[in-house]
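Asker: Okay, here's what each chain looks like letter by letter:
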Amino acid sequence: MVENDRWSRMLAHAILILGVALVIFPVYVAIIASTHDGQTFLSGTLPLLPGTQAWQNYTTVIFEGRSRAGTPPIAQMLWNSFIMAMTIALGKIAISLLSAFAIVYFRFPFRMFFFWIIFMTLMLPVEVRIVPTFQVVADLGMLNSFAGLSIPLIASATATFLFRQFFMTIPEEMLEAARMDGAGPLKFFRDILLPLSITNIAALFVIMFIYGWNQYLWPLLITTDPGYYTIVMGIQRMVTGGDSEPLWHLVMATVVIAALPPILVILFMQRLFVKGLTETEK
Amino acid sequence: MSSIRIHNLSKVYADGTHAVKGIDLTIRDGEFIVLVGPSGCGKSTLLRMIAGLETITTGDLYIGEQRVNQLEPAQRDIAMVFQNYALYPHMTVYQNMAYGLKNRGWQKSAIEERVRKTAQMLEIEHHLTRKPKALSGGQRQRVAMGRALVREPAAFLLDEPLSNLDAKLRVQMRVEIKQLQRRLQTTSLYVTHDQLEAMTLGDRLVVLNQGQIEQVGAPLEVYQRPETLFVASFIGSPNMNLIPVQAINHPLNQAALATLPQQTDILGVRPDKLLLQPPTTPHIQFECSMTLFEPAGAESHLYMRLCSDEHNLVMRVESMSELFQQPSFTVYAEIQHLHPFNQSSGKRTDS
Amino acid sequence: MQTKQLTFNHRWLPYLLLAPQVIITAIFFLWPAAQAMYQSLLRQDAFGFRTTFVGLDNFTALFADDLYLNALKVTLVFSLGTTLLSMSIALLFAVMVNRMLRSRDLYTTFLVWPYAIAPAIAGVLWWFIFNPSIGILPYLLEMLGINWNHRANGNHAMILVIIAAAWKQISYNFLFFLAGLQSIPQSLIEAAAIDGASRLKRFWTIVFPLLSPITFFLLVVNIVYAMFDTFGVIHATTEGGPAQATNILVYKVYRDGFVSMNLGSSAAQSVILMAIVVVLTVIQFRYIERKVNY
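So the protein lines, in turn, are chains E, P and W. Using UniProt numbering, read the first sequence as starting at 1 and increasing by one per residue. Using UniProt numbering, read the second sequence as starting at 1 and increasing by one per residue. Using UniProt numbering, read the third sequence as starting at 1 and increasing by one per residue.
To be clear, the hints were calculated from the coordinates, so they are not data collected in a lab. Computed from a predicted structure; not experimentally measured. You can trust all of the hints, since none of them are fake.
Keeping only pairs whose Cα atoms sit at most 25 Å apart, straight-line, the calculated SDA-like set for lysine to any residue is:
| no. | chain 1 | residue 1 | chain 2 | residue 2 |
| --- | --- | --- | --- | --- |
| 1 | P | Lys102 | E | Glu172 |
| 2 | W | Lys4 | P | Asn103 |
| 3 | P | Lys178 | P | Leu196 |
| 4 | W | Lys4 | P | Tyr88 |
Given the sequences, and given the hints that come with them, work out the whole structure.
Answerer: If you want it as structure tokens, here you go:
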């Protein structure tokens, strides 16, 4: 390192500590808020130190819910989010692996045509075709179902491109050796390609799980039955649902719980997460 | 084990590149053949066509009595060692070796027996549970050999298998491969661009250039009597000196040059056949000046230039001689060690 | 586009492998997109009984509509604000973290996790912090003489949603900038130091230009994020208000299509949004093409 003198290092640390504090601040406030009772919020500004109501607030939101605002106990919503995130992540990985395998390891008529069809999904996020997509799902009878929540979201150009990119880096000789060893396409896929892709699959899983968990607009559109609400959209119902000021202590407890699973995934799989993020976008 | 017959084999790629042009070759049962030539000469393409990794554009390929043009690689009863080994990185050495047998529906116990036997032969039996990443380059090379050997195929194809090793290991493995092949007597086809490897390994060499066979023969035969200018310049290190006849066409050489076959316009002479003292037999001679002296231990290389036309020559000498201090000195070559060629046909003129 | 030199020959297997992806894409992506284009040329009467073909009327109506023009302007301000705020903070963090040796991983861990937070939740968090009666920031701002009220003041609302959207995106930008910084050869910076460039000068003349491909890439990605992925931020907080001040295009499509049931206009808006995504995607891939050679 060139001239990394003490003062400039101290300054850098100071900036970073301040930055980290800034980044953490909103979540800290949420955690604090989730430990006070409802009364605290009527009497002015929120305190910055934890209260004593944590246990009660969390058990309330998880098991009882808020019947008045029509939101179910969030245990159900957490489960729904989990199912949706898992289905989306695994579904995306499965169909992307298969498509990338077809595109890289076969030559067949209309190959480029299919490639472009997959590419098109990049250009058509749900947000730009809200109404007609809703109509299709409604026509197929998939409103208020896990199928409706997940299947329309599992087409993925990014995941397909990532696997395609990765397959291209596998030496040609790997396939040649496998063919000498008498492996057909499906055996090659199962015995060679899949085991070699494990790291990429895991990295993609992290990204796609977070993507699935954080879906908002889509569940908002296609669920009207609270039994299918996901946690992230459920929070919005809690904030804007009632007429009065929201019950902030319960909202914040829910926020903390809703944010926890994806945050844990990132913290425990940071290396895979960084790999997944930087490689899907390049 | 079986012979391989190649009849008028050609390969034209989709982009029109004519990589292999009508090759005829018969490889006898148990023979060790080395395909040698510069990069891009079509040697790898030829090997891959035999392996079934490249389609055959025209011509016929027989392994044993069977025409195999249309067969999948796995059905041809051949095994291949790849330049980068192509070991499956996620499998242990054992699994790597067993994979081909498993796919062919072998019994577990039979696989186990065969893998152990092969591993023992290659002295890798202690590494069977390791993954390729944990092995050294030389060990990986052995595993790659083992994966090919374990099937006891009719023929053994090796595509520059030693080029990823360091120089010392390369020599050692070269010896081992040769011994192994002697012992197993499996028909083998070995591709290399290294002429020294080719000379030391093959029962016969096939020198390829631009998709065609230049010469087929035993290593010493090819070395001692190169049939074409290309072979003359490709085989042997340092390269054979190729001197235009007109550059040395002066009165002293008239008698000797008159004995050469008609149409000879290039004379080849190996660096070790150039002399500093006049021999008693018929010879040619020419004036040279030194450009560089390169001591290389047991012998030294003397780079010099023909005084008549600036042509560069190289000569193998024992040591630095006082002679070289002079502006020019005389170099001799016996007639019997001259290789007469014709420039335009590229062929020998005395055949 | 390349394949492997050697490929499998199979008549129907590749189609079977592609089928799930292609079928889902066709049903849930291409067909609705085509529908949107078709509907954008129609107009339904108020009761949904009659549909008439109106050509490009829906589009001309949009561009004559003050509310739509306002949404365009709001989207522009919001996207640029979010992008610039998030990227500049992330770049600062990345440069600082890149100078650390032992603490690098620790800081990185602390800075990456907001990526996991859904935009809607990010919105709710900041909505709460800025809450005029109980929030902490309005309390502090009041001491500075600022009377914060994002429910009445459009600028306040805009600042709020920009902060919420940018906060969540810092992690993403930070990781890419850090990766970019780490790929710059140390020898270049040392060479510049030997040439007598000060630390600040080295950054602006060597490091920043070398980062420009990543900066450009992030610029596009962030604009796409701000335009399309921030629906949750708006919907969970300001709901486009006050007085249309935060009504971004994506939110307006949703409102017009679902709440007001104005299908023709909503479809026309969808088509315009599609055009925007197509342009942005093409720009992004042209950039990638130069780098990786697709």
